[in-house]
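J.: Chains Y and E supply the protein sequences, listed in that same order. Residue numbers for the first sequence follow the working numbering, so the first one is 1 and each next one is one higher. Residue numbers for the second sequence follow the working numbering, so the first one is 1 and each next one is one higher.
Keep in mind the hints are simulated off the structure, nothing from the lab. Just to be clear, a hint being listed does not mean it is correct.
[As the list claims (entries may be wrong)] Calculated lysine to aspartate or glutamate pairs in the DMTMM-like style (CA-CA distance at most 25 angstroms, straight line):
no. : chain 1 : residue 1 : chain 2 : residue 2
1   : E       : K68       : Y       : E60
2   : E       : K52       : Y       : E238
3   : E       : K68       : Y       : D53
Remember, it's a predicted structure, so these values are computed and weren't measured experimentally.
One-letter residues, chain by chain:
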Amino acid sequence: MRPVSYSRVTDVATAIATVAADPTSAYLAGGTTKVDMLRIYAEPSQRLVDINDLPIDHIEVQPDGAVRLGGLARMNDVALAPVVVDRFPMLSEALLLGASAQLRNMASMGGNMLQRVRCSYFRDAEAICNKREPGTGCSAIAGVNRGHAVLGTSPHCIATHPSDAAVALVALDAMIHYQNSGGHHAVAIDDFFLLPGDTPEREHPLNHGDLITAIEVPALPAARNSLYLKVRDRESYEFALASAACALTVTDGTVSEVRLALGGVATKPWRARKAEHVLRGAPATRETFTRAAEAELADAVPQTMNAFKIELARRTIVRALETLTARGGAV
Amino acid sequence: MVASHLPDAVQGPGRVDVVLNVNGATHVVRIEPRVSLLDCLRDHMNLTGAKKGCNQGACGACTVWVDKRRVVACLTLAIACEGREVTTIEGMTENGSLHAMQKAFLSEDAFQCGYCTPGQIMSAVALLAEGHAGSDAEISEWMSGNICRCAAYPNIRTAIRDVRDGVGGVGRATG
Numbered sequence: 001m002r003p004v005s006y007s008r009v010t011d012v013a014t015a016i017a018t019v020a021a022d023p024t025s026a027y028l029a030g031g032t033t034k035v036d037m038l039r040i041y042a043e044p045s046q047r048l049v050d051i052n053d054l055p056i057d058h059i060e061v062q063p064d065g066a067v068r069l070g071g072l073a074r075m076n077d078v079a080l081a082p083v084v085v086d087r088f089p090m091l092s093e094a095l096l097l098g099a100s101a102q103l104r105n106m107a108s109m110g111g112n113m114l115q116r117v118r119c120s121y122f123r124d125a126e127a128i129c130n131k132r133e134p135g136t137g138c139s140a141i142a143g144v145n146r147g148h149a150v151l152g153t154s155p156h157c158i159a160t161h162p163s164d165a166a167v168a169l170v171a172l173d174a175m176i177h178y179q180n181s182g183g184h185h186a187v188a189i190d191d192f193f194l195l196p197g198d199t200p201e202r203e204h205p206l207n208h209g210d211l212i213t214a215i216e217v218p219a220l221p222a223a224r225n226s227l228y229l230k231v232r233d234r235e236s237y238e239f240a241l242a243s244a245a246c247a248l249t250v251t252d253g254t255v256s257e258v259r260l261a262l263g264g265v266a267t268k269p270w271r272a273r274k275a276e277h278v279l280r281g282a283p284a285t286r287e288t289f290t291r292a293a294e295a296e297l298a299d300a301v302p303q304t305m306n307a308f309k310i311e312l313a314r315r316t317i318v319r320a321l322e323t324l325t326a327r328g329g330a331v
Numbered sequence: 001m002v003a004s005h006l007p008d009a010v011q012g013p014g015r016v017d018v019v020l021n022v023n024g025a026t027h028v029v030r031i032e033p034r035v036s037l038l039d040c041l042r043d044h045m046n047l048t049g050a051k052k053g054c055n056q057g058a059c060g061a062c063t064v065w066v067d068k069r070r071v072v073a074c075l076t077l078a079i080a081c082e083g084r085e086v087t088t089i090e091g092m093t094e095n096g097s098l099h100a101m102q103k104a105f106l107s108e109d110a111f112q113c114g115y116c117t118p119g120q121i122m123s124a125v126a127l128l129a130e131g132h133a134g135s136d137a138e139i140s141e142w143m144s145g146n147i148c149r150c151a152a153y154p155n156i157r158t159a160i161r162d163v164r165d166g167v168g169g170v171g172r173a174t175g
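Based on the provided sequences and hints, a complete structural model is requested.
T.: Rendered as structure tokens:
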């Protein structure tokens with residue numbers, strides 16, 4: 001493991017000032033990504049600033065019905081919070097279907113948004129990788145790419161975004177709140193995650209020292225009828241091959257409200273706007289659902305080993321929509 | 001914005017004194033900040049119950065509790081546990097006798113090679129405290145972070161059910 005130095009902070013302002021002042025420093029929250037990356041030499045030595053004592057781990061209902069999740073709230077605590085289970089089942093399910101009980105006790109919501117990709121070439125410090133060393137090339141495109149993305153890829157990077165929770169949050173139009181020496185800021189989550197394009201090393205708009213303080217999930221009554229459907233190689237403790245976060249309301253047989261985002265198939269948590277467009281106002285039938293899924297996957301680009309993901313994603317979308325329709329999406 | 005407090009002094013990257021509370025006892029170790037809680041327990045405290053399987057958070061053999069929550073010790077830095085309460089399998093005995101879950105693992109033959117067992121037991125006891133042992137499916141899901149290459153899973157579930165239902169000692173090994 002890389003050598004590190006360490007200090008602990010207990011308030012947000014000190015945390016930000018400490019990290020901002022030292023370009024070699026980084027925040028240490030749950031450590032489930034950070035310690036791993038340092039151990040496998042995929043990140044350079046750092047001065048770790050332990051932020052686990054910062055008072056930003058609360059889960060709070062706002063007056064307008066939004067729920068504010070502290071940046072240091074742990075995955076398990078968010079997943080099991082009654083207000084999340086009740087109002088945003090897709091988020092609770094996405095969290096609980098991710099990682100393991102131990103990792104969910106450790107990992108923070110802010111860290112979940114910033115977790116690094118699981119591409120084996122990115123994580124192999126000996127391999128060529130544009131995300132780790134810009135301009136060197138992508139090993140995955142001509143390599144073992146069964147788990148890689150089919151949407152949002154570029155000739156420079158095809159790594160799949162690994163988060164489940166972020167998929168639900170993208171469907172829910174969450175806001176990422178962060179803080180730096182200039183004050184408080186917020187960015188829509190769909191703008192927070194960047195496509196790889198020509199700069200796969202840049203995954204989000206945060207600058208060094210910016211600290212995620214909260215994730216705000218706006219009120220969405222339709223989300224009470226929502227789910228996270230995750231398809232993977234084994235039943236638990238595995239990343240998605242394809243997943244769908246979906247909320248649905250059907251009125252008199254017609255889709256009146258829908259939110260849909262995909263995981264496991266794209267380089268960022270993928271809001272399925274094309275599918276939503278097909279679905280809104282259309283009859284809640286398998287024919288419509290299939291057409292919506294096909295519209296979303298029309299631009300998918302398969303690699304040598306992952307063409308199956310396109311059909312898998314289509315079926316995942318259809319099954320999610322049918323399940324919600326049968327479950328009570330009709331009003 | 002002005003920082004309201006000075007940060008604690010920077011420690012490392014060389015060795016520093018770290019004070020840890022493990023199983024109710026205070027230990028002082030001299031380690032680099034990069035040392036994981038797992039390596040600290042095994043190599044610096046002679047507490048070798050927690051096992052190193054994958055060393056990347058994938059197998060659960062190193063499961064311990066920090067402030068009563070189960071975590072993987074391989075992805076936890078020892079220095080980050082200063083001021084927190086660490087519990088390992090060595091701390092599970094009660095007045096010199098095995099914990100009910102340890103007895104149940106023995107009586108139900110809930111292991112073969114035994115390498116994953118300390119982690120399984122630390123997860124299993126936490127599982128009951130969390131209230132996630134309602135059904136076999138729920139036990140399987142909430143124990144999925146503990147891999148057993150001998151595939152003793154059915155017996156592990158039985159041991160957990162025994163303790164949940166207070167029927168320890170009725171397993172095949174003693175029956």
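J.: So, for every hint listed, does it hold in this structure?
T.: Evaluation of the provided hints:
no.: 1; hint: E:K68 x Y:E60; verdict: holds (24 angstroms)
no.: 2; hint: E:K52 x Y:E238; verdict: holds (20 angstroms)
no.: 3; hint: E:K68 x Y:D53; verdict: holds (16 angstroms)
Comparing the model with each numbered hint stated earlier shows that all of them hold.
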